[in-house]
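A.B. asks: Protein sequences appear in the order of chains A, B, C and D.
Residue 212 in my numbering sits at position 212 of the first sequence, with consecutive numbering throughout.
Residue 47 in my numbering sits at position 47 of the second sequence, with consecutive numbering throughout.
Residue 165 in my numbering sits at position 165 of the third sequence, with consecutive numbering throughout.
Residue 291 in my numbering sits at position 291 of the fourth sequence, with consecutive numbering throughout.
Since the hints were made in silico from the structure, they are not lab data.
No farther apart than 25 Å at their CA atoms in a straight line, the calculated lysine to any residue pairs in the SDA-like style are these:
{"#": "1", "chain 1": "C", "residue 1": "K9", "chain 2": "A", "residue 2": "Y28"}
{"#": "2", "chain 1": "D", "residue 1": "K228", "chain 2": "C", "residue 2": "N10"}
{"#": "3", "chain 1": "C", "residue 1": "K2", "chain 2": "D", "residue 2": "A234"}
{"#": "4", "chain 1": "A", "residue 1": "K125", "chain 2": "A", "residue 2": "Q166"}
{"#": "5", "chain 1": "A", "residue 1": "K69", "chain 2": "C", "residue 2": "L120"}
{"#": "6", "chain 1": "A", "residue 1": "K125", "chain 2": "C", "residue 2": "E179"}
{"#": "7", "chain 1": "C", "residue 1": "K228", "chain 2": "D", "residue 2": "D7"}
{"#": "8", "chain 1": "D", "residue 1": "K92", "chain 2": "B", "residue 2": "T77"}
{"#": "9", "chain 1": "D", "residue 1": "K9", "chain 2": "B", "residue 2": "D20"}
{"#": "10", "chain 1": "D", "residue 1": "K2", "chain 2": "C", "residue 2": "D233"}
Here the structure is a predicted model, which means the values were calculated and not measured.
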Amino acid sequence: MVNDTISLDQLTGWLTRFRDLVTEQVSYLTELDSAIGDADHGSNMTRGMGAVVERIQASPAGTVDELFKGAGMTLVTSVGGASGPLYGTFFLRVGTTAGPVGTLDAPGLAAALRAGLDGVVARGKAEAGDKTMFDVLAPALDAFDDALLVSSDISSAAGAAYSAAQTGRDATEALLARKGRASYLGERSIGHIDPGAASTSLLFQALAEILVKE
Amino acid sequence: MVNDTISLDQLTGWLTRFRDLVTEQVSYLTELDSAIGDADHGSNMTRGMGAVVERIQASPAGTVDELFKGAGMTLVTSVGGASGPLYGTFFLRVGTTAGPVGTLDAPGLAAALRAGLDGVVARGKAEAGDKTMFDVLAPALDAFDDALLVSSDISSAAGAAYSAAQTGRDATEALLARKGRASYLGERSIGHIDPGAASTSLLFQALAEILVKE
Amino acid sequence: MKKLVNDPKNVVTEAVAGFGAAHADLVRVSTDPIYIVRTDAPVAGKVGIVSGGGSGHEPMHGGLVGPGMLDAAVPGAVFTSPTPDPILAATKAVDGGAGVLHIVKNYTGDVLNFETAADLAAADGVEVRSVLVNDDVAVKDSLYTAGRRGVAGTVLVEKIAGAAADRGDDLESVALVAERVIGQVRSMGVALTPCVVPHAGQPSFTLAEDEIEIGIGIHGEPGRERIKLEPADAIVDRLLGPILDDIPFVAGDKVLLFVNGMGGTPQVELYIVFRRAAEVLAERGIEVTRTLVGNFTTALEMQGMSITVLKLDDELTTLWDAPVQTAALRWGR
Amino acid sequence: MKKLVNDPKNVVTEAVAGFGAAHADLVRVSTDPIYIVRTDAPVAGKVGIVSGGGSGHEPMHGGLVGPGMLDAAVPGAVFTSPTPDPILAATKAVDGGAGVLHIVKNYTGDVLNFETAADLAAADGVEVRSVLVNDDVAVKDSLYTAGRRGVAGTVLVEKIAGAAADRGDDLESVALVAERVIGQVRSMGVALTPCVVPHAGQPSFTLAEDEIEIGIGIHGEPGRERIKLEPADAIVDRLLGPILDDIPFVAGDKVLLFVNGMGGTPQVELYIVFRRAAEVLAERGIEVTRTLVGNFTTALEMQGMSITVLKLDDELTTLWDAPVQTAALRWGR
Ligand SMILES: Nc1ncnc2c1ncn2[C@@H]1O[C@H](COP(=O)(O)OP(=O)(O)O)[C@@H](O)[C@H]1O
Ligand SMILES: Nc1ncnc2c1ncn2[C@@H]1O[C@H](COP(=O)(O)OP(=O)(O)O)[C@@H](O)[C@H]1O
Ligand SMILES: [Mg+2]
Ligand SMILES: [Mg+2]
Ligand SMILES: [Mg+2]
Ligand SMILES: [Mg+2]
Chain A
1 MVNDTISLDQ LTGWLTRFRD LVTEQVSYLT ELDSAIGDAD HGSNMTRGMG AVVERIQASP
61 AGTVDELFKG AGMTLVTSVG GASGPLYGTF FLRVGTTAGP VGTLDAPGLA AALRAGLDGV
121 VARGKAEAGD KTMFDVLAPA LDAFDDALLV SSDISSAAGA AYSAAQTGRD ATEALLARKG
181 RASYLGERSI GHIDPGAAST SLLFQALAEI LVKE
Chain B
1 MVNDTISLDQ LTGWLTRFRD LVTEQVSYLT ELDSAIGDAD HGSNMTRGMG AVVERIQASP
61 AGTVDELFKG AGMTLVTSVG GASGPLYGTF FLRVGTTAGP VGTLDAPGLA AALRAGLDGV
121 VARGKAEAGD KTMFDVLAPA LDAFDDALLV SSDISSAAGA AYSAAQTGRD ATEALLARKG
181 RASYLGERSI GHIDPGAAST SLLFQALAEI LVKE
Chain C
1 MKKLVNDPKN VVTEAVAGFG AAHADLVRVS TDPIYIVRTD APVAGKVGIV SGGGSGHEPM
61 HGGLVGPGML DAAVPGAVFT SPTPDPILAA TKAVDGGAGV LHIVKNYTGD VLNFETAADL
121 AAADGVEVRS VLVNDDVAVK DSLYTAGRRG VAGTVLVEKI AGAAADRGDD LESVALVAER
181 VIGQVRSMGV ALTPCVVPHA GQPSFTLAED EIEIGIGIHG EPGRERIKLE PADAIVDRLL
241 GPILDDIPFV AGDKVLLFVN GMGGTPQVEL YIVFRRAAEV LAERGIEVTR TLVGNFTTAL
301 EMQGMSITVL KLDDELTTLW DAPVQTAALR WGR
Chain D
1 MKKLVNDPKN VVTEAVAGFG AAHADLVRVS TDPIYIVRTD APVAGKVGIV SGGGSGHEPM
61 HGGLVGPGML DAAVPGAVFT SPTPDPILAA TKAVDGGAGV LHIVKNYTGD VLNFETAADL
121 AAADGVEVRS VLVNDDVAVK DSLYTAGRRG VAGTVLVEKI AGAAADRGDD LESVALVAER
181 VIGQVRSMGV ALTPCVVPHA GQPSFTLAED EIEIGIGIHG EPGRERIKLE PADAIVDRLL
241 GPILDDIPFV AGDKVLLFVN GMGGTPQVEL YIVFRRAAEV LAERGIEVTR TLVGNFTTAL
301 EMQGMSITVL KLDDELTTLW DAPVQTAALR WGR
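Let's have the full structure, built from the sequences with the hints guiding it.
C.D. replies: Here it is, written out as structure tokens:
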């Protein structure tokens, strides 16, 4: 069966599943941030996604743009740090680009995610190889687009994106950080996976899982 | 052979030997003071007696009062804390009472030491059983006096004083402190030997040893 | 982890409430969103000055709010920059019609959240200028990184900018003075022990009983290098070298010498450090004309310190000497 | 033991030298014997005020020297009272003809050494009065012991006596005001971690990872009882109970509430403590009209704090508010 659209419910499930994953892996994310940052990425993401899901549960969104703009605003106003504005901008842009619809088709989702990535770059100025969440987000979206050239099945595109995300995440280990707090370490940042790259990989894991499950 | 006088040289040797003993036992004295005080009695006594002996070596005293007044002043001006003024007063009074002589006979030494004890009481107001150096000084001098009633041999009187000093020192373990820093502990001061009692016992050990040696 | 806290989640709210109660003569506290503002804000016609950042660096910034210094401080969670909404609220609360200066330490999180708040304030008609403090020479500056961190030099920027605003300078002038200070101030720190973030409960790094971290940041983030413990004088020399060589500071310069405690260092040690630092500067012909010693930019209970040197000129000296009345820094009134 | 020191033997001399260099506008430092005196001492016609004690409690007392407070401070070795000679020298240095007040914390060593110095000063024609501070309710007072210890309340005694001398009171009046403060001030402290005396190199006591010492002294000497770590609010309640019941403080009283850090406690924790203490006082109908929060009477790097409550009346309030200009406490000039 080919899933060539994704529903508001599924997208809501995606955010919920992402909340579950960052919560499960809170210690792992904080440990990564201890090594090359300030030991708060786990609690930042858990606090932020916790607030997002609480808000969704309290007043479910009627449209896709409402869902993601709400998530973005919640992250911006509840996380702080670097990840709050970056993840917040990502979801805000996803929502704005998706528009007031109830369902997204594959190209619609791809365009929305791409806009999110552009937002992250606009805010954080990260480039490929800077050892940030960009190094997961960009290859994952490329893989997503490539997969859609072959088939319009969102589920397998998400699988491809997740697998590229994992590769991207692992590849950050060898990189020297040039953005964010880890950049202060210079050479000593090499040898550690970037915490934001790890949480972004969980974002694609959540998308892949939610689509397979259905 | 009966030693019924003590010379300036022997008295100088007494102070030197006392210096050696507190220096050897610096950690022991400080440990005792850690338990019920502020962990400085070892370093206080070592610093003070070190200065006393340095001074004697730099300019040897010509008379007994010069020796002990010099020692007392040095303790007063180099130790601080409770033990500085108390030991300082002890030696100052010993010197004043001994007077400008070259030798002391047994009653003369006994009178000088007794004056020292009175000085300690005048300064510190300690009574028997308060768990202080008094609880060694007083019984040691009593034993010294008692021994002189039997024989004028200073050496055996010093031996008796030292043995009373040890008994007095050990007896402080069961006492509840009512003077000095240890008194702040109330019941919790019980079960520890008083550091000042321990150093005063070394004072009589030094006297006994110096007289036996000769 | 032993701390005088109740629920770790409430550390910032309870501490800010206590701060407000203790210093009601100087500040008002807003609890939702959380910020600290001087009692008489906004001061009509005066440029407002807002700073902020993660909590755990006290007295910076709340202890620096008051006449002659900050108009408001915005504390985030411990070691996490505040979100834009309290920054925006504080900015509006101190706008007396002459605009607002944001003094931001150069950390990606602080930069992004203050940026958003500034955009939102501008949309609401408040003129905002921002300056970025980046005084930490432990981190090499480069176009290709996030740049240097802002550390204890921030206190000096806030004092001097505060004095400029207090004497009636307009927003552009206050910002320029702040930027001049930023251009002339350099810092570097050392840690002897780590600090423990309350909600983490574990030290964010460990140091052996004979190790110290040179170039430590103020969040317990790793520094430049880890070395064996050395005498205080040798450590001072290690920090002062990179500081003095950076601008560089040269013979004949007049400077403010600031020895900052990281929170858990006894004051005797800070003065032992000051003594050596003053000696080194004198040897180099650099004249120390103003001084500051104490816990100002801390990292919770971390043991360690940082040294900051600011090159003074007549104007900066006058602004430094101008009256200030805050919980942590007070003179002239 | 990790400390920013050179030779442990030189801790006090080097720290005092650094202090003198950092605060040359406020103090002069004598190195042999060691004492710290305000630059303009002796002030003709003014009662001189001298305090002192073992080092390791900074900013007390050196950081409290200056107009409106102490004329001189005499630091002994770490945690060891100074000997009479520097006390005598400082006393003579501040005698402006109106006599000198010695403010002494109630420890046998301090009492004896200040007593000797006072005798010697009298012999040299300087009139000296002494007051004994004994605010620590952790220790039961009794005619048959050394009595209570003097702790953080000493700072309040010194500020208020300093203001009385500053307004021109004679020696007897200054001493009476100091004694009035001593009669109305009570304190109690807690330690979370021990402190390490530099020349000892080892903590003077140990506390397990979940233990705290209630009623700790300021030399790391054991306290009243050792208990399991509790939330901050519960600890505050344990300290405030004995303090308030002692005088007792009653509804309607106006008080100064002072939360003192022991040296290694982050400021956020002191304010969490302050918040609860103010709450308890409010519940009891006691009005907090003046406040002080910070590291004033420390025990090196000890983590912990003490709470001090001083019952105020109009005169004491006026004297508290009077201008003061020292390294650690400054307002009104
Ligand atoms: N300029 C940037 N662009 C993209 N991502 C960034 C940038 N700066 C930081 N990040 C990401 O943010 C992550 C850190 O997030 P977090 O720990 O929550 O915030 P902070 O660094 O403020 O403590 C990094 O691991 C990195 O992936
Ligand atoms: N009032 C007193 N009378 C006699 N001896 C005293 C008195 N107070 C204290 N001492 C003695 O002094 C000793 C402590 O000396 P020390 O540790 O050097 O001084 P401090 O207590 O000031 O640290 C105690 O063990 C006790 O024997
Ligand atoms: Mg982080
Ligand atoms: Mg002692
Ligand atoms: Mg952070
Ligand atoms: Mg002592």
